[in-house]
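Undergrad: Respectively, the protein sequence lines represent chains A and B.
Using the working numbering, you'd call the opening residue of the first sequence number 12 and step up by one each time.
Using the working numbering, you'd call the opening residue of the second sequence number 46 and step up by one each time.
Incorrect hints may appear among the rest.
Unchecked claim - 20 Å max Cα-Cα, derived DMTMM-like pairs, lysine to aspartate or glutamate:
| no. | chain 1 | residue 1 | chain 2 | residue 2 |
| --- | --- | --- | --- | --- |
| 1 | A | 130 | B | 105 |
| 2 | A | 147 | B | 113 |
| 3 | B | 104 | A | 126 |
| 4 | A | 176 | B | 105 |
| 5 | A | 130 | A | 16 |
| 6 | A | 147 | A | 158 |
| 7 | B | 104 | A | 16 |
The hints are simulated quantities; they were obtained by calculation from the structure and are not laboratory data.
Here is what each chain is made of, one letter per residue.
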Amino acid sequence: MSTSEILFWSLSVLALFGAIMVVISKNPVHSVLWLIVVFFAISGHYLLLNAQFLAIVNIIVYAGAIMVLFLFVIMLMNLNKETEPQKNVWMKISGVVSGGLLLCVFISSVISAFDINGKTALTGGGDIGLIQNLGKVLFNVYAVPFEISSVLFLSAMVGAVVIGKKD
Amino acid sequence: MPIQYYIILAACLFCIGVAGVLTRRNAIIVFMCIELMLNAVNLLLVAFSKMHYAAAVAKDAGTAAGTDAQLFVFFIMVVAAAEVSVGLAIIVMMYRNIHSVDINFLNRLKN
């Protein structure tokens, strides 16, 4: 078993365990912390695929900014106690069963797809995930969507202020 | 790594997110499960990007195939950040009005 395989399996187990703990944790603060664990595991996967720019952006944007925003909101509302009213147990079972059925559909379609037989994702090599290549393509080919996304950020900022303002 | 492993890992993460959205009632946790689904899709896009790169680099050593997918991931992260700011503002406003983040109270449009 090579090093990249060991890393792949350990990061996958960490990501899946963290995702399950996000769903089943009673305390919302614990859910946020487990979600940060999942994001770090996914960043490890990006590093394994040599997508270094995305790994760093994933940690900075998701684990650094978005999750801190979630923690702020949870502590602002004083939700860090187990106040959630319990749903009907049959609703929970049916939710889990429908999620599992969706997973069965995905896995059966992946197994029966013959286009991807023998294809591998290159781990460790290739320089398309480095910031030099991505920056060149982003500011040459995708310059207009980049500017549009800045307008999107401005409108989201104005919208968040307008919604959150005390009327 | 075979691409099937990445597809199945991303499908598992996505379905855990779907099950979380269906079973939890706390609006913030529902929102976090949506973020989990977005990240599963991002992981799959990066894996496919490296798959296309591995297929293209066998023919042409200096190819840049697969760069587009990684930029799509970047744009998905941008949109997710904007979405989270607006969504959390909506949740704060909902908490201020009904003093709860239970999504089962949000059925006033039903009648």
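Undergrad: Give a verdict on every hint.
TA: Now for the hints, and whether the structure bears them out:
Straight-line distance between C-alpha atoms of residue 130 (chain A) and residue 105 (chain B) comes to about 17 Å, which keeps the hinted pair within the 20 Å bound. Note on residue 147 (chain A) and residue 113 (chain B): the hinted pairing holds, with a Cα-Cα distance of about 11 Å set against a maximum of 20 Å. Taking the CA atoms of residue 104 (chain B) and residue 126 (chain A), the gap is about 19 Å. The hint holds against a cut of 20 Å. Annotation: proposed proximity of residue 176 (chain A) to residue 105 (chain B) is violated, straight-line Cα distance about 56 Å (limit 20 Å).
With a CA separation close to 16 Å, the supplied pair residue 130 (chain A) and residue 16 (chain A) stays within the 20 Å bound. A threshold of 20 Å between alpha carbons decides the hint, and for residue 147 (chain A) with residue 158 (chain A) the separation of about 15 Å falls inside it, so the pair holds. Restraint check: the Cα-Cα separation between residue 104 (chain B) and residue 16 (chain A) comes to about 26 Å, which exceeds 20 Å; the hinted pair is violated.
Hint check: violations occur at hints 4, 7; the rest are consistent with the structure.
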